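Take a look at the letters that make up each chain.
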Amino acid sequence: MTRYIVQRMVGMLVVVLLVLTIAFVIVRLAPGDPAALMLGPEATPAEAAELRERLGLNEPIPIQYLSFVGNALRGDLGTSIFFNQPVTRVLLARAEPTVYLALFSLIIALIIAVPIGIYAAYRRGSWLDQTAISTAMLAASVPSFWTGLMFQRYLATELGWFPAAGYGGPDADFWVRMGHLVLPSIVLGIVNSALILRFTRASMLDVLGEDYVRTARSKGMTEWRVVLRHALKNAAIPIITVIGLTFALLVSGAVVTERVFNIPGMGNLVVSAVLRRDYPVIQGTLIVVATLYVFINLLTDLLYLLVDKRVRY
Amino acid sequence: MSGDTILKVSDLRVEFAGRRSSTAAVRDVSFSLGTGKTLALVGESGSGKSVTSLAIMGLLPRAGRIARGTVRYRGRDREAVDLARLSEKAMRRMRGAEIAMIFQEPMSSLNPLFTIGDQIGEMLKLHGDPGPAERRKRVLEMLELVEIPAAARRIDNYPHELSGGMRQRVMIALAMICKPALLIADEPTTALDVTIQAQILDLMRRLQGELGMSILFITHDMGVVAEMADDVAVMYSGEIVEQSATRPLFARPSHPYTQGLLVSIPQPGRPEGERLVPIPGTVPPPHSMPPGCAFSPRCRYASQRCDVPVALVEARAGHMVRCIKTAEIAAHA
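In order, the protein sequences belong to chains A and B. For what it's worth, the numbering used here labels the leading residue of the first sequence as 48, then goes sequentially. For what it's worth, the numbering used here labels the leading residue of the second sequence as 1421, then goes sequentially.
Source of the hints: derived by calculation from the structure; they are not laboratory data. You may find that some hints are simply not true.
Listed next, with one range per pair, are the computed distances between beta-carbon atoms [as the list claims (entries may be wrong)]:
(1) W174(A) - E1748(B): 54 to 64 Å
(2) P1481(B) - R272(A): 15 to 25 Å
(3) P1481(B) - A187(A): 29 to 39 Å
(4) G1643(B) - R272(A): 30 to 40 Å
(5) V146(A) - P1705(B): 53 to 63 Å
(6) T338(A) - D1613(B): 29 to 39 Å
(7) V223(A) - A1437(B): 50 to 60 Å
(8) S1507(B) - F221(A): 48 to 58 Å
(9) V146(A) - S1507(B): 47 to 57 Å
(10) W174(A) - H1707(B): 20 to 30 Å
(11) Q54(A) - G1643(B): 49 to 59 Å
These stretches of chain A come out as covered by chain B in the derived footprint (C-beta under 8 Å, 3 or more residues) [unchecked claim]:
(12) 189-202
(13) 263-269
All values derive from a computational prediction rather than experimental measurement. Virtual Cβ for every residue (Gly too), placed ideally from N, Cα, C.
The following block holds chain A by itself, in its conformation from the complex (with noise of 0.2 Å):
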């Protein structure tokens, strides 16, 4: 266990290392001066030398790369142009929103989901099941933008529930920032809640014409338990897998639903970032998503060994 953990440690160290190697070549392969082209087109000659300079540019390309991953290694992920900070301190800036915005939606997802998928699997082909899995391919299928702009428009601006967009301005209270989620954890609950429905659903309903729960029928006990103590945990690996990655994909930022309510989180850092051409940031936040993904990947398989004493790594 402990040297699983450890070898999993190692494979997440090579990963990142990959991941730092992408992000280097990335910006060294696009064709002409890095400085330039982070600069832009109206920049001076002077410039681009200063910045050249101070990206460490003139050295030669392996120094540059070690000097590069050293750094993202001891935490330091460059400084980022358009705000002249450090990238590592821009990025934690915009962490909050996202986090608490991944972790609303993910059990604002979770309360529609789960019981809604077990409750479809125990009654496979009633009307309910089919107007769970229809409204799960709808709202899948609804862009979360126009959810978004809808909730906006009825919730936020006519009945004035919650704030539209924002969060609050620099100096708002905990409880405030919190408020200005409350739309877009449900949007993004609603978008994630399909995925995880079907699964829920199509994993209770393999388990459920399992052998042993009949014989748990058998045993003389109530639907309740046979279908919440007997068959949910035998499901709970293939839903635990999509959890994890529904909660991975959520802590990399949701783009879209940030930029409709404005949310200073990831996604609309990147977004900016992209079009400021703001390499550092974009590198910066290229290496702590993949980190993130390795890390989310690795905390699920280790959910597996709690649930199922079969599993061993």
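Starting from the known structure of chain A, arrange chain B on it as the hints suggest.
Here is chain B on its own, set in the frame of chain A:
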């Protein structure tokens, strides 16, 4: 229902709802099981023997239902009840405590995520929980009773850590822990090696003697029937085609299907070089049943006279046969 009968199934009909119409998987099935006795329900897959057992337990799949008939059951010091009309709540109290079941597949019939101690103990928990310490003690006793070696260690094992034979012993322990009056064993040895089969049958016979329970034994194996059963009902395509005490049935098998079952298995004492005779064809699917005798398409004695519905009649005292040609066939043999 006489005093020494524990289970009396009368005129049972089980239907499964299809898209347009429903099909009857079990038709006109009647039998009774004496207290402390073993009745074997014999037949190929698709003959309706497992559906009959699930109907008794009230565990038919959602599409299935008992369309007609009664399942009279009288356990220890109890009034006779009709299981077919019992509420789900009352039925739940019967399952496990009064009537327990063991299944064909010991590999898949135990939940892989719980220890065997948990799974057997859960049965006690469901029927008058004696508390964790007492529960564990009784589970341990039960594991020892079904002869699981190193039971104290095994109790915390998961099913995948046990062999097939051990798992079937666990299933038996699970079924027996509440000392049920009736055990329904659905092909309990089919998935096991022959040597393990014999051990499990031995064990079941011994426990039957010690606990005084009655067994409804479902199998397709005539060898197992000869060894275990007091009475036999042979099922074919949802109907009972022959029914009698075990000895007379083996001495004078009267339905062509039963005869076919008996000559299609190897037996010691047969003349050397005699060939096993398979029954040609398969059980007809429910939607394309022949108009008369269901076995007629596969029967070597069949003629046009067989194309009318055939009743189960008493050929000899206590020996029921569903065939219009019983006398001719007996003369022929």
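Notebook entry, point to check: At the C-beta level, are P1481(B) and A187(A) separated by a distance inside 29 to 39 Å?
Noted result: Holds - the Cβ-Cβ distance for P1481(B) and A187(A), about 31 Å, lies within 29 to 39 Å.
Next item on the list: Kindly confirm whether 54 to 64 Å is satisfied by the beta carbon distance between W174(A) and E1748(B).
Entry: holds (56 Å)
Note to self: Is the listed coverage of the region 189-202 of chain A by chain B valid when you require three or more residues with a beta carbon under 8 Å from a beta carbon of that chain?
What the structure shows: violated (count 0)
Check: Has the hinted range 47 to 57 Å been met by the Cβ atoms of V146(A) and S1507(B)?
Finding: holds (51 Å)
Notebook entry, point to check: Holds or violated: 49 to 59 Å for the Cβ distance of Q54(A) and G1643(B)?
Noted result: holds (53 Å)
Check: Given a hinted range of 53 to 63 Å, is it respected by the beta-carbon distance of V146(A) and P1705(B)?
Finding: holds (58 Å)
Notebook entry, point to check: Does the Cβ distance between P1481(B) and R272(A) fall inside 15 to 25 Å?
Noted result: With a Cβ separation near 19 Å, P1481(B) and R272(A) satisfy 15 to 25 Å, so the hint holds.
Checklist line | Range agreement (Cβ of R272(A) with Cβ of G1643(B), hint 30 to 40 Å) | finding: Roughly 39 Å apart at Cβ, these two residues keep to the hinted range, so it holds.
Next item on the list: Could you see if the CB distance from S1507(B) to F221(A) stays within 48 to 58 Å?
Entry: At roughly 53 Å between Cβ atoms, F221(A) and S1507(B) fall inside 48 to 58 Å, so the hint holds.
Notebook entry, point to check: Are V223(A) and A1437(B) spaced within 50 to 60 Å by their CB atoms?
Noted result: holds (57 Å)
Next item on the list: Can you let me know if the beta-carbon spacing of W174(A) and H1707(B) is within 20 to 30 Å?
Entry: The hint (20 to 30 Å, Cβ to Cβ) holds, given that W174(A) and H1707(B) are roughly 27 Å apart.
Next item on the list: Count residues of the region 263-269 of chain A with a Cβ under 8 Å from any Cβ of chain B, then say if the count reaches three.
Entry: holds (count 7)
The structure fails to meet hints 6 and 12 from the earlier list, while all remaining hints are met.
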